[in-house]
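Asks: If you want the building blocks of each chain, they are given just below.
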Amino acid sequence: MKSLGSIRRDFAPWNDPNAKPYIQFDKVTKKFGEFTAVNNLSLTIFEREFFALLGASGCGKSTLLRMLAGFEEPTAGRILLDGQDLRGIPPYKRPVNMMFQSYALFPHMTVEKNIAFGLKQEGMPGPDIERRVAEMLKLVKLEQFAKRKPHQLSGGQRQRVALARSVAKRPKVLLLDEPLGALDKKLREETQFELMDLQQELGLTFVVVTHDQEEAMTMADRIAIMDKGEVMQVATPAEIYEAPTSRFVAHFVGNVNMFEGRVAEHTANATRITGATGAQIVVDNGGNAAAGSDIVFAIRPEKIKVSSKKPADAVNALEGEVYDVAYLGDMTVFHIRLDDGQIVRASALNASRVTEDPLTWNDRAWVSFRPDAGVVLTR
Amino acid sequence: MADIAATAAPSTQTTTLPARLAKGFVNRLVIIIPYLWLLFFFLVPFIIVFKISLSQTAISMPPYTPVLDFSDGISGFLAGFRELNFDNYTWLTQDALYFNAYVTSLVIAAISTMLTLIVGYPIAYGMARAPATIRPTLLMLVILPFWTSFLIRVYAWIGILKPEGLLNQLLMSLHIISQPLVILNTYTAIFIGIVYSYLPFMVLPLYSSLEKMDYSLVEAAEDLGCPPIGAFWKITFPLSLPGVVAGCLLVFIPAVGEFVIPDLLGGSQTLMIGKTLWNEFFSNRDWPVSSAVAVILLLVLTIPIMFFQQAQAKAQEQGR
Chain A
1421 MKSLGSIRRD
1431 FAPWNDPNAK
1441 PYIQFDKVTK
1451 KFGEFTAVNN
1461 LSLTIFEREF
1471 FALLGASGCG
1481 KSTLLRMLAG
1491 FEEPTAGRIL
1501 LDGQDLRGIP
1511 PYKRPVNMMF
1521 QSYALFPHMT
1531 VEKNIAFGLK
1541 QEGMPGPDIE
1551 RRVAEMLKLV
1561 KLEQFAKRKP
1571 HQLSGGQRQR
1581 VALARSVAKR
1591 PKVLLLDEPL
1601 GALDKKLREE
1611 TQFELMDLQQ
1621 ELGLTFVVVT
1631 HDQEEAMTMA
1641 DRIAIMDKGE
1651 VMQVATPAEI
1661 YEAPTSRFVA
1671 HFVGNVNMFE
1681 GRVAEHTANA
1691 TRITGATGAQ
1701 IVVDNGGNAA
1711 AGSDIVFAIR
1721 PEKIKVSSKK
1731 PADAVNALEG
1741 EVYDVAYLGD
1751 MTVFHIRLDD
1761 GQIVRASALN
1771 ASRVTEDPLT
1781 WNDRAWVSFR
1791 PDAGVVLTR
Chain B
8 MADIAATAAP
18 STQTTTLPAR
28 LAKGFVNRLV
38 IIIPYLWLLF
48 FFLVPFIIVF
58 KISLSQTAIS
68 MPPYTPVLDF
78 SDGISGFLAG
88 FRELNFDNYT
98 WLTQDALYFN
108 AYVTSLVIAA
118 ISTMLTLIVG
128 YPIAYGMARA
138 PATIRPTLLM
148 LVILPFWTSF
158 LIRVYAWIGI
168 LKPEGLLNQL
178 LMSLHIISQP
188 LVILNTYTAI
198 FIGIVYSYLP
208 FMVLPLYSSL
218 EKMDYSLVEA
228 AEDLGCPPIG
238 AFWKITFPLS
248 LPGVVAGCLL
258 VFIPAVGEFV
268 IPDLLGGSQT
278 LMIGKTLWNE
288 FFSNRDWPVS
298 SAVAVILLLV
308 LTIPIMFFQQ
318 AQAKAQEQGR
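Here the protein sequences come in this chain order: A and B. The numbers in our numbering rise by one with no breaks, and the one at position 160 of the first sequence is 1580. The numbers in our numbering rise by one with no breaks, and the one at position 90 of the second sequence is 97.
Think of the hints as simulated: they come from the structure by calculation, not from any bench. Fair warning: this is a prediction, and the values are worked out from it, not measured in the lab. Cβ atoms here follow ideal geometry from the backbone N, Cα and C, with glycine treated the same way. Mixed in with the good hints there might be a few duds.
Claimed, not checked - The list that follows gives simulated cross-link-like pairs (lysine-lysine, DSS-like), each with its CA atoms no further than 25 Å apart: (1) A:K1569 to B:K219; (2) A:K1513 to B:K241; (3) B:K241 to A:K1540; (4) A:K1451 to A:K1648; (5) A:K1567 to B:K241; (6) A:K1533 to B:K219; (7) B:K321 to A:K1569; (8) B:K241 to A:K1569; (9) B:K30 to A:K1533; (10) B:K219 to B:K321; (11) A:K1592 to A:K1558; (12) A:K1561 to A:K1605; (13) A:K1567 to B:K30; (14) B:K321 to A:K1533.
Stated by the list, open to error - Among the chain A residues that face chain B by a calculated CB cut under 8 Å, a handful are: (15) F1491; (16) Y1512; (17) M1518; (18) A1524; (19) F1526; (20) P1527; (21) E1542.
Next up, chain A with everything else stripped away, as it sits in the complex (with noise of 0.2 Å):
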């Protein structure tokens, strides 16, 4: 069975046509005065899922976020939880729970209060509350700390009580706000795994904001990419790096070579497009491009081989001089002048230590790729 990326999902309500959603932005517009936040969006989440919003800032994904907890009214169009349009209730009614990006941690309670708070304006009787608690600090590995302040912790021990404090009242669904955007690389690394972990073992839905594409597409099931209020692409971190439909969402999320170029012709199970400078390319999945439109061709660096000589099977083979070249350890990316001018990335995954054909600055190079190793974009 063929798939995108090298995961085989087996959770992807989103391929169900019968699949009830549970979260729905319809047609949801927010303006703050003249600027538009977030612009006509729609988009649907299903319960038990783990959803990304990724954009730059400024892109709107925040706005999504508080108009969802409630913080913010949508301008216009309805925001749907489970079926029930949220209009008008209030954050303090809505079942869901927010993990702020600053924590929002009360400095004047300790760990426990703050977690237990949630729990008391819900009115849950106090020995439930406090086996809750345990239960929690337990999750978030935090039982010793219990007694402390807020600014006696350190900066991930105050994520994890953040957390803790946000799934206590097990909402329907937790919102992330930059969950791991104070912590340092090799801790949020760690915490990315957590609260995947997390989110499986509590089976909650998660909507987390960030503008670091490695942490969407190492947690999320699916992405959505989003670019001046409005979203650009909806898919799972495989079909965003290997399938983007866009240029933006193709430059957005890691390293891409971008030919400008015209679709020549389709022929039975291809499609020929001509380079803006001439270079020839055939590929196998270009069909919606009709004949004589202007398009570009993406391919990312690690789909091209690079090589001394003309390879003989290549379908796809354009000439250069090596440009430059860094080893990077488990990887070499080189870069390659291609004789009409266009500077290509590419990547070899240095999977032996020894190379057959080593290449070194100025030496003339082929780079090559299969028909099926890059996209076709319209747009």
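Since the structure of chain A is provided, determine the placement of chain B on it from the hints.
Replies: Leaving out everything else, chain B in the frame of chain A:
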């Protein structure tokens, strides 16, 4: 490794002993200056007042005896010193007037402080939540009254509050009342005067503690199921307590000894300690008794100041 350790060790001692002493001296000098200030402008005057409070009135210049000086030599000084006694303090306990004046002053100051807090908190809260661009303007408006003389502003209230004053004229022309309200020369007028005059001292510390509070804390409380009013009492108010304490003391302490406002707005029958002190000093020309009144007042006020400092130290310890 050994080489590095050997060279590193002496290098830490490059700050020689004299250099360190000089640095210590500079540091100490910086601390000494405020203490010298307090010594000359607080402790020395206080000792003079305290000494006068132990003297007796006399029709002389200055109007008390003994005057401690060395014109009669050491023995004269010591003889004068032996004449000092606590009679004036005994006198204060014998006449109920003084006790009543102290209690009235404390009660009036306490009520005024509460009223100022009630009026000032919403103002400070509104300022702290206003858009950042207009906050400096609002701050300016709070400070603006200081640009006019305090005395003139209190006088202005006479014009507003008197029976034929602006307030009564307004209320009567609106047919809300048919008879002019008697406000001037009552305790109400004193409360109005104190709240008005000391409001900035309440608003500014409250504003500074509310302004630096992270609003996402309130959002977090609401997110966890707390309605806005609950979030205010559980989050905003406790976190603004340092500002509340500072504001209350800044109003309470001067209000206890307030003289001008009760004199101008409270009429002749009001009994506040500041006015009593004034009367003793200027009408009775009894410097020793008025000094004793002042010393007791100082002791009464030192208690809230100590309380304030303790609260501040506690707040600092909490890292806020």
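Asks: All hints are to be evaluated individually against the structure, with a verdict given for each.
Replies: Results of checking the hints against the structure:
no., hint, result
1, A:K1569 to B:K219, "19 Å, holds"
2, A:K1513 to B:K241, "18 Å, holds"
3, B:K241 to A:K1540, "12 Å, holds"
4, A:K1451 to A:K1648, "12 Å, holds"
5, A:K1567 to B:K241, "19 Å, holds"
6, A:K1533 to B:K219, "23 Å, holds"
7, B:K321 to A:K1569, "14 Å, holds"
8, B:K241 to A:K1569, "16 Å, holds"
9, B:K30 to A:K1533, "46 Å, violated"
10, B:K219 to B:K321, "18 Å, holds"
11, A:K1592 to A:K1558, "21 Å, holds"
12, A:K1561 to A:K1605, "20 Å, holds"
13, A:K1567 to B:K30, "42 Å, violated"
14, B:K321 to A:K1533, "20 Å, holds"
15, F1491, "6 Å, holds"
16, Y1512, "5 Å, holds"
17, M1518, "5 Å, holds"
18, A1524, "4 Å, holds"
19, F1526, "6 Å, holds"
20, P1527, "6 Å, holds"
21, E1542, "6 Å, holds"
Hints 9 and 13 from the earlier list are contradicted by this structure; the remaining hints agree with it.
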